[in-house]
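Go ahead and model the full structure; you've got the sequences and the hints to work with.
The opening position of the sequence shown corresponds to residue 1 in my numbering, with each subsequent residue numbered one higher.
Hints were generated in silico from the structure; no laboratory data involved.
It is possible that some hints are incorrect.
[Unchecked claim] Below, in silico cross-link-like pairs of lysine-lysine (PhoX-like), each with a Cα-Cα straight-line distance of 25 Å or less:
| hint | residue 1 | residue 2 |
| --- | --- | --- |
| 1 | Lys385 | Lys432 |
| 2 | Lys422 | Lys388 |
| 3 | Lys317 | Lys241 |
| 4 | Lys432 | Lys422 |
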Amino acid sequence: MSPASPGKSGNLPVKFFISPLAVAIVFILAFVLGRISQSEAASLALAELDRLPLLGQMSHLISSPDRKLIGENDDRINILLIGMGGEGHDGPNLTDTLIVIGIRPSDNNVAMLSVPRDLLVPVTGHGWRKINSVNAYGEMESPGRGGELIRTTMEGLLGIDIPYYVRIDFDGFRSVIDAIGGIDVFVERSFIDYNYPTYDHGVQKISYDEGWQHLDGESALKFARSRHGNNGEGNDFARSKRQQKVLTALKDQLLSFKTFRSPSAIANTLSALQSNIITNLNIGEILRLARLATAIDRENIRHQILDNGVDSPLVDKLVNGAYVLLPKNNDWNLLRETAANLFDTAETAVAEELTSPPKEAQVNSTVDIKNGNGQSGLAREAAEKLSKHGFRVIKIGNADSFDYDRTIIYDLTYGQDKVSLKLLQQTFPEAKVASSKVTAAQVSPSGANFLIILGQE
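Encoded structure:
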């Protein structure tokens, strides 16, 4: 299914990066530039930037009038974010990540749609191919055409206008993370991947421990790319969730006060972006995007992953011996409806990634834990985990049955202890927060602030 991959293209359009770490670059590059002029480090930072052939001109555009983006008049701006290996990697032009980002300026909302690499699509002039090969076919046709071919392919696939694309390679990702001093990411569960690819075409073992980890560029790249981990992390869909974490961490670190105060960090970051990112956005459009980004809060960012789940429009199949994803009942309108209604169907990130080590639960925040799936010792393990986060576990035991498919969190403070609730959601990312108006006495006679019933997930 995968075509031979051409070498890295020659002279290409304006450059920047994005991959799993999507929003972070298109939004942030310009956002940083827009903020520089207001900081005490302005003159030093701009002096550094003026030395860069492409970026030097940006300092002269920071205060220029905005140019409206395509789609802004219709209250939806769509951008395709593309991540690929680049020179020195197997299949350098095969895409590792595809994310469509929709921006709704009227209420400052953002919705992201992750498209799986194994989706089988029609490609003009090349028949049916996995979508991760489209960029490579475009590069074989003409160096620099890959981004445009995948952009138009995605437009036809999803039935929406996608006027812009941004493409980055792995070297750019690593360089950006290192330029800002690394990122802090919360690893939801420990995992080991024994088959992560090496640069000499072999495999290596990588592992990540549960909890907050400070990652440099290489470690962050491995965390975002790993596809063969154990403990539920061995698929593309789990990887997409990890990529969201890296995205959030990168965004917040780039926008941190520390970064803005460091002219060298800004210059190093932009230099890394210039070398490894390609986009059809011009500088004026990037600056307009930056100004829109300043009004977007994390609470208004939604994300949807196209997968093979029960509620997804896709199913997995074997075609000529290859694993692929296709629309259910071959109904491509399901994908188009998903894309058209993305702001209505995508989920808000309730348990948003925190950007610094998590606060402990509020003093005296208490919890009861019940085993709802029958696995021996499960409630006690959960109790030990929560105790480390500052919770006081009052009671553990078995639930009324072992038939719970999903973990349930009962908030018996009714929204009064938001810090502890967020920490519980982060500790149990698959859990559902019960919305029923039960009384504390009905579910937890002990008087605990929270009750957790542990299910299969």
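Report task. Could you check the structure against the hints above and give me the numbers of any it violates, in ascending order? Result -> none
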